[in-house]
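Make the full structure from the sequences, and use the hints.
Going down the list, the protein sequences come from chains S and X.
Under this note's numbering, the residue at position 51 of the first sequence is numbered 51, and the numbers go up by one with no gaps.
One gets this note's numbering by counting positions in the second sequence from 1 and adding 1000 to each.
All the given hints hold, so there is nothing to weed out.
Some chain S residues judged to face chain X by a derived CB distance under 7 Å, without partners named:
| id | residue |
| --- | --- |
| 1 | Val44 |
| 2 | Gly45 |
| 3 | Met53 |
| 4 | Cys64 |
| 5 | Lys318 |
| 6 | Gly348 |
With a cut-off of at most 30 Å between alpha-carbon atoms, the simulated BS3-like pairs for lysine-lysine come out as follows:
| id | chain 1 | residue 1 | chain 2 | residue 2 |
| --- | --- | --- | --- | --- |
| 7 | S | Lys4 | X | Lys1257 |
| 8 | X | Lys1317 | X | Lys1257 |
| 9 | S | Lys4 | X | Lys1260 |
| 10 | X | Lys1108 | X | Lys1187 |
| 11 | X | Lys1278 | S | Lys347 |
| 12 | S | Lys28 | S | Lys7 |
| 13 | X | Lys1257 | X | Lys1278 |
| 14 | S | Lys7 | X | Lys1257 |
| 15 | X | Lys1317 | S | Lys347 |
| 16 | S | Lys203 | S | Lys147 |
| 17 | S | Lys50 | X | Lys1051 |
| 18 | X | Lys1260 | X | Lys1317 |
| 19 | X | Lys1317 | X | Lys1108 |
| 20 | X | Lys1264 | S | Lys28 |
| 21 | X | Lys1264 | X | Lys1217 |
| 22 | X | Lys1015 | X | Lys1051 |
| 23 | S | Lys50 | X | Lys1264 |
| 24 | X | Lys1317 | X | Lys1278 |
| 25 | X | Lys1260 | S | Lys50 |
| 26 | X | Lys1257 | X | Lys1217 |
| 27 | S | Lys4 | X | Lys1217 |
| 28 | X | Lys1217 | S | Lys28 |
| 29 | X | Lys1015 | S | Lys50 |
| 30 | X | Lys1264 | X | Lys1108 |
| 31 | X | Lys1223 | X | Lys1108 |
| 32 | S | Lys203 | S | Lys167 |
| 33 | X | Lys1260 | X | Lys1322 |
| 34 | X | Lys1260 | S | Lys28 |
| 35 | S | Lys203 | S | Lys4 |
| 36 | X | Lys1257 | S | Lys50 |
| 37 | S | Lys50 | X | Lys1108 |
| 38 | X | Lys1257 | X | Lys1223 |
| 39 | X | Lys1085 | X | Lys1260 |
| 40 | X | Lys1223 | X | Lys1187 |
What the hints contain is simulated information worked out from the structure, not anything from laboratory work.
Positions of the beta carbon are idealized from the N, C-alpha and C atoms, including for glycine.
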Amino acid sequence: MANKLIKQMALPNSIANIFTARNIITAKDALSLTEFELMERLDVGMAEVKFAMAHISEVVCPPCQTALLLMEQRVRNERSAGHLPTRLRGLDEALCGGIPFGVVTELVGPAGIGKTQFCLKLSLLASLPANCGGLDGRVIYIDVESKFSSRRLVEIGIESFPEIFLKKGMAQEMAGRIVILRPTSLSEFTESLHHVQVSLLQKQVKLLVIDSMAALVLGEHECGASRQQALGWHVSFIKSLAEFSRIPIVVTNQVRSQIGDEPLTYSFQARSHSIKREDPAAYDSHLVAALGINWAHAVTIRLVLEARSGQRLIKLAKSPISPPLAFPFNITSSGLVLLDDDGIEMKGSEINTIHCQGQNALFNSEW
Amino acid sequence: MEVGMLPISASKRGKLLAAGYTTLHSISRASPSHLATDIGVSEDEACEILKYASQTSALDPSIGSSNASTLEGGQTAWTMLNEEKFATRITTSCADLDNILGGGITCKEVTELGGVPGIGKTQIGIQLAVNVQIPPEYGGLGGKAIYIDTEGSFMVERVLQIAEACIEDMSEYSHHFHNTVQDCEVKLHPNGILENIFYFRVCSYTEQIALVNYLDKFIEEHKDVKIIILDSVTFHFRQDFDDMALRTRLLSEMALKLMKLARKFCLAVVLLNQVTTKYIEGSYQLTLALGDSWSHSCTNRIVLFWNGDERHAYIDKSPSLKSASAAYSVTTRGIRNSNSSCKRIKMV
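Structural data, given as structure tokens:
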């Protein structure tokens, strides 16, 4: 839209020619200048500039829809009104049906907590036929750290849906719907994203998983600011992919230790009553999500997976449609299993914190 | 130079200066034909220049001899006071928040709301988009809303939840105050509320600027729009923008246009902003994004932050409201008062 040529916008010839003569070819060129600058550059009066800009703006402007129309479209065209059910009852209820289409859902947590396991289960669910509650489509799995295990995928399939997987040839068909890409650098990842965009238009891709986003960037750059900038284009691209193709995109993220133990505050907040944790044991487990605050703003839904005193929890840290609930879970041979479907409501900013206590207990658990 | 104030093209201005017309007074004394031959333009163009010159000089008190109260385009402070007293406000559904705002989000002004991810900016935006539609019988404006979504955070399921809760609250209110069954019935339906929210999805800063330009025409055709919510103004201006000076110019022009829309159509403009960290006075602090120049652009600025386990709103900048903070909470029914026992409003 922004790259539309001005001469194709049905402006009166006189003004269209002036734009071309001054090297303002696309709508983006014109809209990147203020009205005064345009007046100077095109050497015309304010009235003509306003008229031309009003016309160009109307052409470039996105279409208007009402919220009612959006809802009706989703209810009519999409499964479960635009959600991928995770088969974890408590989580599905909190998310109004499951992982929503059209937005980016992030899974963040310390190593070994179960993010990749969850992604494997979701890939399976998306490939299942519709009569079993799946999306009956293909899945693209971008596996940066080479963690994808087909053996484990089939094991989850057989344990969770024995009636499908033990049938002859079904395991092959389901596993055949999941395509794995293994980019090893940021530039290869960019290329993969372009391939994904093409696939989305041609084939029946119903889910995109990126495991993990942090690994791509942390290897490349050194300091924080350029790391965030490097991802800037990718973030917008992934979000627009999700929206235009109306598929869910699940991204995993790592954690890093917090620099300093005080939370960041605004200038008007008095420093004296900032919450200072006196307990030294808390320093070890003071973790935050990687990729910075820009990334945190960009994701729509953030699921935090953490371990507290040996109990694993999955928390709805950021979600416009859910209350701040935490569900205890375990990992079994059939993937993630919730121990309590009602969830524990977390007050305040506790929903955002990430703990990794009871480390040894993680490796001694069932699976 | 005064001639520089005229909204005419650079070449015409150059010709005026070359012919010796440096002040507006000198231009207005000339006749159109005289001016035309002097500077080498057609008579029509000369008439246009004279028209601009007389308009501009009417606004400048040092030139004109007109009375202060009949200045073109001006208003006296007294008339403005009467207007401000009856200025309409849109409730946020949280009584504490409404109190520090003087009743709610004010129409005819641009209000900026900023905070960390997950604090409730989109929630407040959606609540306002629903509350603007409360009919006048229940103390609202009965208007429509424009929701401009730059990040894809507008989730229809949530709008439905908030709309249903709003209608339930209105029915409860009418049960208390009205006697006949007819009066009790609220004529709104959640689908009706969804229908009155005009949704635009913007995917680049070019589209954002184009949309703000187009809103003038759109609102002319939909005069009952009473609020514009931009969620968020930051997103597209944060990703790969190399020329910071250009960004500042584009943002200030956009803010001015929005202010103009707010005044012209008597509606409220709410801009949602993100946060960033800044190195001030020896340590890193949180501050709203888009830089220092942007912080001057909006009329009112409210910062949403975590205070312990509670969400608070703090009035960071406002020409008429006192600096205060109030607690609010985000519930399944939308934005409501916080449940804490300590509900006093802290005056800073």
